[in-house]
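We have chain A already, so just place chain B on it with the hints.
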Amino acid sequence: MTSKFLTEVQQKVVVLGDFSVGKSSLILRVSKNEFLEEQESTIGAAFINFSVNVDNKPNQIQIWDTAGQEKFRSLTPIYYRGAIGAIVVYDVSREYSFQTAKEWVEELKEKANPKLIIALCANKIDLLEEKKKLLKEKEYADENGLLIYETSAKTGKGVTEMFVDFSKNLPKDQGREIFNDDFFEEEFFNIELHNGEKKTEKTICC
Amino acid sequence: MSDSPNSSDFLSTLNKRSQKTTVFSRSSITQNPLNTTKQNFNRSSFNKTNIKEQEEKNEEKNNQEPINNKKSSLQLLREKQEQREKDKQLRLEIEKKQKIQQAKLNKIRELILKKRQEAKKQGNNGNGNNSLDQKPKQQKENTQNESQLNFKTKKNLPNEKKETPKDFNKIYPLQGQQKPLTKNSNIDRSTWKKRAFEKHKNIKELRECIYPTERMESFIKIFNPGQKQVSENLTNKTVTQLIMHHLVALGYQKIIPIIENETQVKYQPKYLLDSRLHTLIRSAVIQTEKIWDLLYNENFLEEESTNQLNGMKITRENPIVEHFVDLGLSQVDEEESDEEEYSNIWEEPENEKYILYTENEGTNNQIGIKAATLNKLIAKLTDENSVDIAFLKTFLLTYQSITSSRKVLSKLIQRFHVPRTKEMSDEQYEIKKRNVHIRVANLLKIWISKYLIDPDKKFLQYLKEFIKDDLHQSLPSLSELLISKIETIEKQTGKQKIVKFTEKPPQPIVPKNIFSQTLSIFDVNELEVARQITLIEQKIYSKIKPRELLNLAWSKAKYRHRAQNVLRFIQHFNQLSGWVSTEIIKGETIRKRVSTVIYFINLAEHLRKLNNFDSLIAVLSGLKSSAVYRLKFTFQDLPTKQTEMKNRLDSEMSSEQSYKKYRGILHAANPPCIPYLGVYLTDLTFIEDGNPNKINGLINFSKRQLVYTVIEENQRYQSKPYSLQPVHQIATRLEKLQVTDHQELYKKSLKREPRKSNREDIL
Chain A
1 MTSKFLTEVQ
11 QKVVVLGDFS
21 VGKSSLILRV
31 SKNEFLEEQE
41 STIGAAFINF
51 SVNVDNKPNQ
61 IQIWDTAGQE
71 KFRSLTPIYY
81 RGAIGAIVVY
91 DVSREYSFQT
101 AKEWVEELKE
111 KANPKLIIAL
121 CANKIDLLEE
131 KKKLLKEKEY
141 ADENGLLIYE
151 TSAKTGKGVT
161 EMFVDFSKNL
171 PKDQGREIFN
181 DDFFEEEFFN
191 IELHNGEKKT
201 EKTICC
Chain B
1 MSDSPNSSDF
11 LSTLNKRSQK
21 TTVFSRSSIT
31 QNPLNTTKQN
41 FNRSSFNKTN
51 IKEQEEKNEE
61 KNNQEPINNK
71 KSSLQLLREK
81 QEQREKDKQL
91 RLEIEKKQKI
101 QQAKLNKIRE
111 LILKKRQEAK
121 KQGNNGNGNN
131 SLDQKPKQQK
141 ENTQNESQLN
151 FKTKKNLPNE
161 KKETPKDFNK
171 IYPLQGQQKP
181 LTKNSNIDRS
191 TWKKRAFEKH
201 KNIKELRECI
211 YPTERMESFI
221 KIFNPGQKQV
231 SENLTNKTVT
241 QLIMHHLVAL
251 GYQKIIPIIE
261 NETQVKYQPK
271 YLLDSRLHTL
281 IRSAVIQTEK
291 IWDLLYNENF
301 LEEESTNQLN
311 GMKITRENPI
321 VEHFVDLGLS
331 QVDEEESDEE
341 EYSNIWEEPE
351 NEKYILYTEN
361 EGTNNQIGIK
371 AATLNKLIAK
381 LTDENSVDIA
391 FLKTFLLTYQ
401 SITSSRKVLS
411 KLIQRFHVPR
421 TKEMSDEQYE
431 IKKRNVHIRV
441 ANLLKIWISK
451 YLIDPDKKFL
461 QYLKEFIKDD
471 LHQSLPSLSE
481 LLISKIETIE
491 KQTGKQKIVK
501 FTEKPPQPIV
511 PKNIFSQTLS
521 IFDVNELEVA
531 RQITLIEQKI
541 YSKIKPRELL
551 NLAWSKAKYR
561 HRAQNVLRFI
571 QHFNQLSGWV
581 STEIIKGETI
591 RKRVSTVIYF
601 INLAEHLRKL
611 NNFDSLIAVL
621 SGLKSSAVYR
631 LKFTFQDLPT
641 KQTEMKNRLD
651 SEMSSEQSYK
661 KYRGILHAAN
671 PPCIPYLGVY
681 LTDLTFIEDG
691 NPNKINGLIN
701 FSKRQLVYTV
711 IEENQRYQSK
721 PYSLQPVHQI
731 ATRLEKLQVT
741 DHQELYKKSL
751 KREPRKSNRE
761 DIL
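In the order they appear, the protein sequences are chains A and B.
Per UniProt numbering, the very first residue in the first sequence carries number 1; after that it's consecutive.
Per UniProt numbering, the very first residue in the second sequence carries number 1; after that it's consecutive.
Simulated from the structure, these hints should not be mistaken for lab results.
Hints may contain errors.
Ranges of calculated distance between the beta carbons of each label pair, as one might list FRET restraints [unchecked claim]:
#, chain 1, residue 1, chain 2, residue 2, range
1, A, N113, B, I389, 49 to 55 Å
2, B, K747, A, L135, 32 to 38 Å
3, A, I148, B, N351, 32 to 38 Å
Below, simulated SDA-like cross-link-like pairs (lysine to any residue); rule was C-alpha separation at most 25 Å, straight line [what the hints assert, rightly or not]:
#, chain 1, residue 1, chain 2, residue 2
4, A, K111, B, E588
5, A, K115, B, F635
6, B, K751, A, R73
7, A, K102, B, R630
8, B, K661, A, K115
C-beta: ideal position from N, C-alpha, C; glycine also.
Isolated chain A (complex conformation) (with noise of 0.2 Å):
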């Protein structure tokens, strides 16, 4: 790929994980910030950008979304290919998808970009009876030095904030090299958090 011109920092941010984990509402929820509420939406595309300050300079980011090509299996690596974070979803109600995300965290950590920022998210805590600590998966992700998150896409709890700690968790200087060109072309959902504030801009393109 030929670089056009450079810009501020592009960085790629990959969701992964299992079926029906609750990727899409996830990226839904922080697109919309609501879940399933009684709005039309003509959400047809699965990537978003945001920006958060660090340190007073925009970051910004873009979250790749693969939510319904799981089983696509042959094209997870171009995916995660050249992302400087990924964050790996899984479903706490449903055991089996910790075990999914494990296999994720290990592919990735031998075959992907090494310097890769890894976040494990424990998804639909609403789900979880009085407070279950995750204490299993907290020492997986310790003993693996994962970023770990609890979110809840149905009711909002810690999905923008995982996503804002999250993008201030990545390192600055990487990732120019991968996006360059026409990036600033039509976009789906455009979310600019700069220290608390929020814009949601939507233009529909396809």
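Using the frame of chain A, we list chain B on its own:
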């Protein structure tokens, strides 16, 4: 067991083992019987290992003497064999003895029961515990006697215990032991079943059909469901009740009051337990979505496709699914349709409680419905005054995500029977009736001829009855047309449509050795391979039905059986891309790998020209798989032409910004095309998760319109076939591509070009 360790080691392990076993047998006898179910249940899971241990013990005991004399291992073996032969003879005798003993024990059992009942009748308040304490002792004596006679008679133990309340809990765990213990202890038959099943798959399958619970069990073992749920529900009380239930089923009525007395658990009539069992299984099924996964895994798909190759399309419903549905355990088709009872279609008033229109009024006959009840949707579909074809299509393509075919039909029938109001004159009534009838018939016509895919027989029967009985009276000729259409559908199921091409297909490019047994794909021109791949892909792609794309069927375990063609299509994608990686890694030298890569890049370019985007992305992803991507020396040696080609294709098919570039290219392309399905799947996922199914309790129809736009686009590409000529020899090779597992490939890749190696070090 068959291997022979050196004698001293063997001895020491033996001693340990025999110690262990004595402990085990003691504990099993002296175990406090008042420790109820839970412990036993825990134990049951270890039964198998215990059994093995016991078997080992038995064997070792038999051999103990020779070992003490420090005989060589060969001698040991020989003696073992002799022992086995002796045992064979013994076995017959033992069996006889067992029968006799069984009879004796039965008598003892009856005696015990009688005594107990008498004791009960005499002094009810007398502590059951006291009398109970005595019995196990009796039992112990019995068992000891038995074991002196021959330890194989232990088989009788559990049977004997059945009737003694203290040990009734053991029935379940111990039952499992019965079978293995009857085995001759010197022959290792512990795995005969497994081995037999491995050899004879058909027997296994048959057995699994006969024993569905066993099958469940093996599923659960493999995929270990959240045990919390089960253990929470499986309280001692429940288990005790289930055991009582079991005993009653076996005809042991008298034992029940004794158990009740002792455990303070009330026996409940059968149906209550049934429902509890159902709840348990249901929660297990819901929790264990993996069970469904297993049912519809790739092997299942494979199986069907081979059936198709033999010319027999077998569309069989999975027996387990049917079984679940019969038991009422499956919620597959119940979800939304049963949420509410719809009122009569003619009784619903027209107001915003029942129907919401879109804000910008629909132009040109379009009824812009945002949300409505099913009644209102059907009424609008068969409106006497206006016809909106787009609305009709949207509904017919997507109704399966709202309700069932049968429900739609029953609503149509309701709509058909126009009620007469007082204000209506005869004439008005006749006109209204006729108009509605025509609209209903028209809807049926479109439905039957275009959108009725894979209807079940009962539904067709129901539909035919309605047409023959009701519709025929008012619209005879149209009815006959409809009936004949249904009949052709009935005959056609499974048959492929014959496609006629307007264009003449291009002449296939075949190599000279096309008829050779050793023909390799790489002997064939890239263009021709691209064409044959496209034909195979097209065959699967064209089979994808709208229903497979509704409700995210491909991603939800319990709906996955609906999305077989989507899954097969994805499987093919993965296979193709895996094959590309496999073939590249096969090349031992850089030169070989470079030539393979060149071949695949040329192939990709041809696929691009054929507008087969799905296979194109598959090939490109094969070239970018983890194993291949890291072969930097191979890619360094690639000619500029191919490097440029690859970079261009990569950028065109890039997933950036949700495949923005690709979407543009696809829309500009001239059909026939095979689009990359993943994009539709992601779009559908976001539409599905981003929009509510209902607005104010009304069916969110605008959501279905969004779904419709995606499915409709997909359908457009499905309907235009490629004018290409299949070449059997190439196609058969493409249908069974060899793919190496990606972990294995990565390992191989590290061998081909090790990390931090120099160019010179590599072949």
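Outcome of the hint check:
1. A:N113 x B:I389: 49 to 55 Å: holds, 52 Å
2. B:K747 x A:L135: 32 to 38 Å: holds, 34 Å
3. A:I148 x B:N351: 32 to 38 Å: violated, 51 Å
4. A:K111 x B:E588: holds, 22 Å
5. A:K115 x B:F635: Answer holds: K115 of chain A to F635 of chain B is near 24 Å, not above 25 Å.
6. B:K751 x A:R73: holds, 23 Å
7. A:K102 x B:R630: Within the cut-off at roughly 23 Å; holds.
8. B:K661 x A:K115: Violated, at roughly 29 Å.
Hint compliance for this structure: hints 3 and 8 are broken, all remaining hints hold.
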